[in-house]
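Student: Residue numbers (this note's numbering), protein chains in the order written: chain A, 1 to 414; chain B, 1 to 227.
There may be inaccurate statements among the hints.
Said to hold, decoys possible - For lysine-lysine, the following PhoX-like pairs were computed, each having C-alpha atoms within a straight-line distance of at most 25 Å:
(1) A:K125 x A:K229
(2) B:K16 x A:K401
(3) B:K122 x B:K83
(4) B:K83 x B:K20
(5) B:K83 x B:K164
(6) A:K401 x B:K164
Calculated from the structure, these hints are not laboratory results.
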Amino acid sequence: MPWYLYIALRHLFPQGKRFPIFTLMSLTGVVLGVATLIVVISVFNGFGYEIRSRIADTYGDLRIVTGNGSFLDSPYDLSDRVASLENVESAIPFAHGIVMLLYKNRPLAPIVEGIDTQSEQELAKYGDYLVAGDIEDLDDDSILVSSGLASQLFLDVGDEVELYTPLMMLKLLDSDGSDVLLPRSVRVAGIFETGWQRVDENTVISTLRLMQDLYNLSESAHGIRVELKDGADLIAEANALTDTLGSPYSARTWMDAHGDHLAIIQLEKRMMFFLLFIIVIVASFSIMSSLLTFVIRKTREIGLFAAMGATPRQLAACFCAQGLIIGVAGTGLGIGLGFLLLRFRNDITATISEIMSVADSMNQIYGFSYLPARVETFDLVVISILSIVIATLAGLIPAYKASRLNPVEALRSE
Amino acid sequence: MSSALIEASNVARRFKSGEKTIDVLRGVSLRIEIGDTVSIQGESGSGKSTLLNLLAGLDRPDDGLVSWESEVVSNLSNEVLAKRRSRLIGMVFQSYYLVPEIRVLENVMLGGRISGNTRDLKARAEALLERVGLGERLDSLPSTLSGGERQRVAIARALITEPKALLADEPTGNLDEATGDSIMDMLLQLCSEEEVALVLVTHNTEYASRMNASWILRQGRLEPANG
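Using the sequences provided together with the hints, build the complete structure.
Tutor: Here it is as structure tokens:
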């Protein structure tokens with residue numbers, strides 16, 4: 001090991017002594033900055049990832065619809081054709097729309113998503129989100145209701161509810177008043193909760209057949225829901241599908257429908273990154289200030305090194321290396337602390353919420369009942385490199401000062 | 001005449017003090033051969049340390065030349081000068097200047113590391129510390145040593161680079177008489193055994209008298225001490 005690196009290490013971690021306060025304070029700044037950055041950025045990643053997963057589960061990666069608003073007359077022919085394409089995992093017809101749901105004279109207007117119960121993959125997805133009931137009980141005379149809807153109407157599994165569709169209303173308007181509006185009675189087969197407030201608040205899942213009956217679609221569907229294989233490029237595949245299928249079909253990505261939510265999270269993530277990076281910059285000033293003090297304290301030692309044959313570059317390297325070592329050690333420890341905080345994030349947030357009596361606020365505001373987090377390697381690399389570079393730069397001014405010291409004056413200094 | 005190890009030719013050094021310019025050295029010439037022992041005496045502020053720093057290449061003369069082994073070094077860059085110095089000259093100071101964060105053995109090895117003379121470094125450092133009587137204190141921190149012991153470590157550190165000349169600036173200045181005597185005995189013995197030239201800056205006339213040549217700095221000029 002070059003002598004200047006050895007001395008840099010020994011200045012920071014002296015032999016036979018306790019951890020020096022200078023090293024401790026400088027390290028703490030970097031550790032806290034890096035840990036905070038990792039926790040916050042990972043939580044933003046988690047929000048984005050969870051929202052993507054839920055959208056993918058409830059919306060699909062892509063939806064193929066007609067550009068002119070007409071229905072798909074032979075949806076299974078089209079879905080089979082799409083499913084046979086290279087990067088497509090599955091393709092199933094869907095129908096969706098708004099209904100009025102009435103229970104004990106309390107009306108609500110949820111969105112109904114009609115799914116193909118022949119698709120085991122599709123059923124399993126909703127089965128995972130069920131909090132009451134059994135997915136196997138879902139048939140053409142039953143529905144799954146979201147947890148928010150169930151709690152608003154005090155619904156339970158087995159309750160009978162009535163559904164009115166906009167078509168029924170139109171039929172009533174067109175009649176001369178002699179028609180009687182007959183709702184469709186269905187049973188609640190299950191209650192689901194995805195963890196995403198937007199879906200959990202006001203959604204009903206039915207079979208495709210029931211939705212076709214309600215909307216008088218016969219064998220038609222509103223579109224094809226497509227799941228892509230892992231790693232497939234969403235936008236490229238959407239464009240390819242639109243080109244392959246030709247007019248009047250077009251493929252819409254989930255981002256077209258819900259991208260605004262993710263765009264906000266991405267923007268917030270970037271803003272938080274720059275705001276929190278200020279902590280690392282403040283820490284670098286602390287390192288610089290400590291190292292400058294250290295250069296003054298060690299002036300005679302620097303003079304000695306020069307007398308022993310140390311070159312100005314080696315003297316500069318000695319102090320620059322101290323910034324580098326603090327940067328590397330602080331970043332390493334910061335990553336460790338960040339992971340530790342992420343590991344216990346839900347316990348920490350639960351405790352804070354309990355103390356502040358805002359236990360349900362996260363669910364209400366963010367739409368998640370827990371704090372999601374996802375560590376991205378790219379973020380870790382960017383945070384690590386920037387922190388180490390900033391800490392090393394903080395050592396440059398003290399290093400320059402040390403290298404410019406006149407050996408004779410340095411040796412004479414008191 | 002053989003080439004000198006270190007030679008100062010008519011060197012002058014001036015310092016500014018406010019509006020005044022003080023001529024500390026006025027045309028000093030000094031020649032040091034291999035194995036020489038030379039003392040430089042003088043009153044406080046007479047320029048002894050300034051001359052030593054010029055000989056060591058730590059400072060540059062305003063006039064005149066300093067050369068090492070016939071090569072003029074006054075005009076060399078700091079980088080080149082530092083490298084040459086580390087191989088040719090060892091220095092010992094009144095205040096020892098040990099690095100407090102590292103143990104005795106590491107302090108001695110540091111001299112070798114800086115000069116790049118790392119061949120059998122640990123073994124040589126241990127042997128040198130044994131010779132200066134500190135074979136049992138290899139793992140001690142400098143703060144646990146007495147003044148005399150610290151100076152012994154500093155001497156071992158200066159000799160680890162296997163220099164051709166040792167420049168000592170009042171090495172006994174901070175020590176009591178008995179300890180100073182033992183340090184001087186040791187210094188002379190080691191320099192003799194290693195064939196290292198010794199330039200000693202001292203106030204002590206007895207120590208000065210033990211050198212081959214003794215000089216006194218008066219009013220910026222070097223005069224023979226016994227002249």
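Student: Does each hint hold? Answer for all of them.
Tutor: Here is how each hint holds up against the structure:
| no. | hint | in the structure |
| --- | --- | --- |
| 1 | A:K125 x A:K229 | holds (16 Å) |
| 2 | B:K16 x A:K401 | holds (23 Å) |
| 3 | B:K122 x B:K83 | holds (21 Å) |
| 4 | B:K83 x B:K20 | violated (35 Å) |
| 5 | B:K83 x B:K164 | holds (14 Å) |
| 6 | A:K401 x B:K164 | violated (31 Å) |
Of the hints listed earlier, those the structure fails to meet are numbers 4 and 6, in rising order.
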